[in-house]
Amino acid sequence: MIKILGVSKKYNSGYTLDNINLEIKAGEFVSLVGQSGTGKTTLVKLIIAEEKPSSGRIVIGGWDITKIEPYEIPYLRRQIGVVFQDFKLLPKKTVYENVSFALETCGCSTDKIKQTVPQVLKIVNLENKMDRYPKQLSGGEQQRVVIARSLVHKPKLLIADEPTGNLDSINSREIIDLLVKINQIGTTVLLVTHNRDIVNSLKKRVIAIENGKIISDQERGRYLL
Amino acid sequence: MFFLDLYRTVKFAGQNFWRNWLLTVGTTSIITLALLSVSALLIFNLISMHLIEVVQSKTEIYIDVTKDAQQTQVDYLVEELAKLPDVSQVKFINADDALTKFKERNQGNELLLSSLAVLEQNPFAGSLMVKVKDLNDMPSLLAELGKDEYKTILEIDNSEFYQTRDLINNIAKYTEQIRKIGFGLSIFFIIIAGIVVFNTIQMGIYAHREEIGIMKLVGASNWFIRTPFFLQGIMYSLFSMFIILLLIFPLVSWLQPYFDQFFGDYSTNLVQLLMNNFLFVFGIEIIVAIFITFIASTLAMRRYLKI
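Each protein sequence line maps, in turn, to chains A and B.
Going by the UniProt record's numbering, the letters in the first sequence line up with residues 1 to 225, in that order.
Going by the UniProt record's numbering, the letters in the second sequence line up with residues 1 to 307, in that order.
Be careful, since some hints might not be right.
[Unchecked claim] Lysine-lysine pairs mimicking DSSO-like chemistry, simulated, CA-CA at most 30 Å apart:
| id | chain 1 | residue 1 | chain 2 | residue 2 |
| --- | --- | --- | --- | --- |
| 1 | A | 122 | B | 11 |
| 2 | B | 11 | A | 93 |
| 3 | B | 11 | A | 129 |
| 4 | B | 133 | B | 151 |
| 5 | A | 92 | A | 213 |
| 6 | A | 25 | A | 88 |
| 7 | A | 154 | B | 151 |
| 8 | B | 11 | A | 112 |
[Said to hold, decoys possible] On the chain B side, residues computed to face chain A include the following (Cβ under 10 Å):
| id | residue |
| --- | --- |
| 9 | 4 |
| 10 | 218 |
| 11 | 221 |
[As the list claims (entries may be wrong)] Facing chain A, a subset of chain B residues (Cβ under 8 Å, in silico):
| id | residue |
| --- | --- |
| 12 | 1 |
| 13 | 8 |
| 14 | 20 |
| 15 | 24 |
| 16 | 48 |
| 17 | 110 |
| 18 | 214 |
| 19 | 215 |
| 20 | 217 |
| 21 | 219 |
| 22 | 220 |
It is worth saying that the hints were derived from the structure and are not from the lab.
Glycine included, C-beta positions come from ideal geometry on N, C-alpha and C.
Build out the structure end to end from the sequences listed, making use of the hints.
What follows is the structure, encoded as structure tokens:
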């Protein structure tokens with residue numbers, strides 16, 4: 001699914017990522033852990049082509065995106081669902097519109113949208129709050145809208161960058177359960193977090209990064225940092 | 001596919017327009033004020049053009065006919081002059097009428113009138129009254145009439161001719177200067193309005209930078225992101241134009257009595273003047289408004305699409 005081959009990312013201040021090599025297979029659930037500022041989010045930015053690597057190659061689903069052209073980026077992002085800590089919802093759009101928007105951008109027909117969006121909102125248990133605006137929802141509900149939006153394309157890969165960072169423990173658990181459920185239906189999930197309890201409870205593959213380098217990669221790992 | 005995308009971008013632009021009502025009110029207010037100043041300037045131009053037209057239509061010169069001129073020669077000259085494209089009217093005034101007109105024109109000149117009274121007979125053989133369509137054409141017409149072939153018919157080597165020629169030259173010069181100043185002021189106002197509107201729209205797009213980032217995140221193409229902002233800019237322009245149309249006619253009606261009082265016989269119906277030039281005034285304004293919002297959106301989007 002994802003092949004990262006000798007990737008480094010250097011800013012003026014120095015290397016944020018240094019010679020990263022890793023492979024994530026289709027259908028895997030991988031937790032990427034590490035303390036703040038170790039390069040986890042930079043790696044996510046490289047995968048969604050928000051940044052370009054200084055050296056090395058990145059291949060996603062057989063597509064080498066190392067030197068991706070700007071006009072190709074929207075097509076890549078339609079194949080990757082992304083969930084962020086700060087939700088990134090459009091405040092002036094309703095729940096339904098926030099989710100349908102992702103389909104409208106890629107020219108999906110109105111009938112298809114009307115059919116798909118309620119289905120996805122049902123998966124995240126928000127079918128009764130479709131007409132609400134983000135500010136009328138709790139943090140957990142907002143994050144579920146984001147997950148619904150990232151799922152509506154039926155992506156092969158879902159990246160969740162600190163999805164529970166702004167949530168209490170109950171809402172965090174619900175979000176992680178939802179990610180596990182999504183993984184069980186075949187979507188590859190890359191969870192970026194520094195939440196020890198969540199990582200340890202998952203009992204899935206854990207990759208640890210420190211100072212821009214991978215320091216451990218375990219099949220059924222624990223948060224060891 | 002294209003029409004579906006277009007429909008959606010129009011929908012998003014409409015949603016942004018109504019839901020961000022505070023930004024809409026702010027931006028349209030600025031554009032309306034800018035357009036109001038452009039309107040004032042265009043109306044000023046229309047009024048000055050009207051005044052120039054009135055002055056031109058009232059400007060006529062009288063050229064004396066010599067005593068030796070035969071009536072057939074004069075008639076032929078009148079016919080020939082009337083054929084010229086620059087000439088709007090040519091009339092022969094007989095000796096008695098020429099004397100009356102001369103006295104009218106020189107009412108304030110006591111010396112000239114008393115000298116005339118000393119003469120026992122009418123010194124005039126008749127005059128040609130010539131009106132031109134454009135004041136600028138007058139000097140060349142006079143130069144034409146001053147040619148040797150007309151010397152036996154026309155007596156134009158006199159002070160009245162030079163006075164008239166100088167007056168016409170001066171009017172033509174001032175008219176051109178007023179036009180140049182008006183044009184310069186127009187450009188100045190449009191630039192000022194452009195800068196103000198540009199800043200307002202840029203601030204509006206800056207407020208949407210997070211939204212633009214999210215749109216890119218979910219895979220929206222640049223075209224799909226840009227278009228609603230362009231359309232929103234056009235909506236601001238159209239909405240501002242609508243407000244201008246609501247304001248401008250009551251405003252000029254209110255100004256009409258003051259205008260009449262100031263210009264007297266030279267006055268005109270301002271609403272009628274505006275209606276007669278509706279496409280000119282509001283066409284220019286809508287083009288200016290859309291041009292400004294388009295440029296402002298393009299420059300601002302180029303910056304924030306880099307997210």
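Each hint, compared with the structure:
1. A:122 with B:11: holds (26 Å)
2. B:11 with A:93: Holds: residue 11 of chain B and residue 93 of chain A sit about 12 Å apart, inside 30 Å.
3. B:11 with A:129: OK: residue 11 of chain B and residue 129 of chain A at ~22 Å, within 30 Å.
4. B:133 with B:151: holds (25 Å)
5. A:92 with A:213: Between residue 92 of chain A and residue 213 of chain A the Cα gap is close to 40 Å, so the pair fails against 30 Å, i.e. violated.
6. A:25 with A:88: holds (28 Å)
7. A:154 with B:151: violated (97 Å)
8. B:11 with A:112: holds (18 Å)
9. 4: holds (6 Å)
10. 218: holds (4 Å)
11. 221: holds (5 Å)
12. 1: holds (5 Å)
13. 8: holds (5 Å)
14. 20: holds (7 Å)
15. 24: Since chain A brings no Cβ nearer than about 12 Å to residue 24 of chain B, farther than 8 Å, the hint is violated.
16. 48: Check failed: Cβ of residue 48 of chain B comes no nearer than 47 Å to chain A, outside 8 Å.
17. 110: violated (81 Å)
18. 214: holds (5 Å)
19. 215: At about 7 Å, which falls below the 8 Å cut-off, the nearest Cβ of chain A leaves the hint on residue 215 of chain B intact, so it holds.
20. 217: holds (6 Å)
21. 219: Hint on residue 219 of chain B: holds, closest Cβ of chain A at ~4 Å, below 8 Å.
22. 220: Where the cut-off is 8 Å and the nearest Cβ of chain A is about 4 Å from residue 220 of chain B, the hint holds.
The structure fails hints 5, 7, 15, 16, 17 (numbered hints given earlier, in ascending order).
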